[in-house]
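Engineer: Please take these sequences and the hints and turn them into a complete structure.
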Amino acid sequence: MEPDDEIYANGGADSSENRSRPIISSEQLDIEAYAGLYSGRTKITRLLFIADRCGQNNNTAMQMEALRMAYEEIKKGENTQLFRDVVQKIDGRLGNNYGMDSVWCEMVDRRADQRKEKLENELNAYRTNLIKESIRMGYNDFGDYYYAHGALADAFKSYVRTRDYCTTSKHVIHMCMSAILVSIEMGQFTHVTSYVSKAEQTAEALDPSTVSKLRCAAGLAHLEAKKYKLAARKFLEVGPELGNSYNEVIAPQDVATYGGLCALASFDRTELKNKVIDNLNFRNFLELVPEVRELIHDFYSSHYASCLDYLGNLKANLMLDIHLHDHVQPLYDQIRNKALIQYTHPFVSVDLHMMANAFKTTIAGLEKELEALITDNQIQIIMPLQARIDSHNKILYARHADQRNATFQRVLQTGREFDRDVRAMLLRANLVKHEYKASRKL
Amino acid sequence: MATVESLLAQIQGLSSSAGDLGLLLTHLKQADELLHNESTPLLPFLEQLDPTLHSLGYLYILVSLAVIAVCKRFKDHVLMLEAPMRGVAPLLEAVKKIRSSSEHLSTLHPDFLQLCLLAKCYKTGLSILEDNIFEVDQPRDFFLYCYYGGMICIGQKRFKKALELLHNVVTAPMSSINAIAVEAFKKYILVSLIHSGQFSTNLPKYTSSAAQRNLKTLCPPYVELANTCSSGKISELETYIQTNREKFDSDNNLGLVKQVVSSMYKKNIQRLTQTYLTLSLQDIANTVQLSSPKEAEMHVLQMIQDGEIYATINQKDGMVRFLEDPEQYKTCEMIECIDSSIQRIMTLSKKLTAMDEHISCDPLYLAKAGRERQRFDFDDFDPVPQKFNI
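Protein chains in written order, with the UniProt record's numbering: chain W, 1 to 442; chain L, 1 to 390.
Treat the hints as calculated values from the structure; they're not laboratory data.
Don't take each hint at face value.
Listed next, the in silico DSS-like pairs over lysine-lysine satisfying Cα-Cα at most 25 Å (straight line) [stated by the list, open to error]:
| id | chain 1 | residue 1 | chain 2 | residue 2 |
| --- | --- | --- | --- | --- |
| 1 | L | Lys294 | W | Lys394 |
| 2 | W | Lys368 | L | Lys267 |
| 3 | L | Lys368 | W | Lys433 |
| 4 | L | Lys157 | L | Lys120 |
| 5 | W | Lys368 | L | Lys266 |
| 6 | L | Lys350 | W | Lys433 |
| 7 | L | Lys351 | W | Lys433 |
| 8 | W | Lys198 | W | Lys170 |
| 9 | W | Lys394 | L | Lys316 |
| 10 | W | Lys368 | L | Lys233 |
| 11 | W | Lys368 | L | Lys294 |
| 12 | L | Lys205 | W | Lys433 |
Structural biologist: As structure tokens, then:
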């Protein structure tokens, strides 16, 4: 069985000593550490999202932990509506310390009303005096006020209204950033795209940190629209200046995860090498999430089993991510398909037993997967799988289409179609002529 | 083109001397199309001619009138006698006589095809359908010709040709929807499903807006059938057909619908040849939802016989081995076939150019195109700025 080992080298189904690093992060998400990455409203919504997810999966301990932290976080702000929601969700399960605090609510609401009145008066005064800059500030304050109190749609409107009163490009960028922030919170990613491009079009050169923020926002918008390749490119362009400066939206860890997975799912081998693995800038991001870095390297060096293991272990935690959760499955499917295709690529024939081993699956299952890949040939743009399965001997044969025959076939086909279409066209022209004459006769 | 009135004036003016008669003859020959075209309103003009004075013109009109009218009457009689077979040969002769060229669609074409259809003389009908039609006098004749022609091709299982003819009806320019187009559309869907296993519900851009708007809403069971087919699940398809059986039956399309089902099996087997090199009969039966390996074997055998797939069956192991298309495009026949295709397309291409030139010279077209052109800016068309613009 000696020679077989050489074949195995491609699949990475081996468990040789140097590759027996423990695969981490199969343990539960450390919510405290996770929440620490974010600030502002997104911290709360992320915690609530985790709580919801855990609620569905009957993971009560984690759900309660998330709710407790959300409760504490909300208490620091002024959003009473969210507070009431959370209290209802906790439902007294965390003891008296985390119950309804109506005194606090009333106090915050009263203060909010007063502040709103004050802002309104100020804004009216500015508007009668027609001081542009002050009006802008007034609307901006209103936006901040609404945002803090959870009225996102109103906040968005107020921020957008400042647009007419912007005098410098700095103001425009400020307006765009605010609008983007609110739109992301609202899940309105079409707004995000349009305001990102608006900000990028401003005359003045943007500072690197803003550029990075805009890249993140654009990446999120593409991700949401399932345009993984575009999303990957945006995330890969994020500069190191980002740091923790945008943690009201995204943490640098997320940039690594989102960018890495999207790139893996949509890039071909050369692009993966050039834009991800050799990308010094992105490497720093990947250092933050070693699992993703490892799985990308495993994928590139064809250690598929290990790569898929990493992915499998990460899955539970990725499903808890507010932006990625919907896209985990499609991304995983695409990565797996690419792995399958890439595995078969260098061979003329592949033993299905070995391949099934490398991907830790059954032969029957693998056969079905391959069948689906071959049948979807037309829609697989990245790298079509051209092969046929010998189901009897369980071997996959690469199919090198005969260029000459294929050309002949296509030429004859095109000729027939041209012939048919032109004749049909001439006939239609004839009928149109007739109709035109008939209508003129009347 | 001359009108009937001007022709009449010519007949009356040019009937005196022998030289004039020669001229009149050429005029009458040119007006041949006109005479066949409007056969009915010619009758009143005959009264204005004196057979003793204008004998040549009188005869001409009489002949053109008579042939068509007689043929139509003849067809009606044959139909009344319920012996369509007896009309096929005479009408074929009439069609050949009356058309100005093989590219011309005469008003007798549809009548002839109808008789062929009723007499089940599909082959005789095909002989006329082989000729490519380019000139059409009456849109109605064209619609009927394509519809009957499509049905004849279906009868001969020449689905590609049938599809082409029915496609012509469905996409023909029309200002309002007509019953022929609706019936043709139903058959078009079915034939498309049989021939290619799928039907794209989007009609091409050039389809008239009347057809785009109405056709799909007028035949819902057929559109739904196409949707069911695209899912690829045979059991679903069969239950759908069972529940809508009467609808298809009342349209006389049940036979075609049944063929859709059997072609679904074929398409599914064909798809397997793309994926597998060898596959057991049992697996084939499972994948394409046939009840037994025996039945799968029958299907595969039939398809090999019809040249639809290339495969060998190993009965001992119950395995099927799918092969590649053995055509190597190296034989003399193939070269000849390709050569004739090239010739055909070159002729067609010349025709197209001629037609294009003809239209570019048409005063009606120029008048209209000139008017539309004014709407655009001059700079859209002329790279050189106009002098007066500067």
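Engineer: Now tell me if each hint is right for this structure.
Structural biologist: How the hints compare with the structure:
no. : hint                  : result
1   : Lys294(L) - Lys394(W) : 23 Å, holds
2   : Lys368(W) - Lys267(L) : 19 Å, holds
3   : Lys368(L) - Lys433(W) : 13 Å, holds
4   : Lys157(L) - Lys120(L) : 13 Å, holds
5   : Lys368(W) - Lys266(L) : 20 Å, holds
6   : Lys350(L) - Lys433(W) : 20 Å, holds
7   : Lys351(L) - Lys433(W) : 16 Å, holds
8   : Lys198(W) - Lys170(W) : 12 Å, holds
9   : Lys394(W) - Lys316(L) : 19 Å, holds
10  : Lys368(W) - Lys233(L) : 17 Å, holds
11  : Lys368(W) - Lys294(L) : 23 Å, holds
12  : Lys205(L) - Lys433(W) : 19 Å, holds
When the structure is compared with the earlier hints, no violation turns up for any of them.
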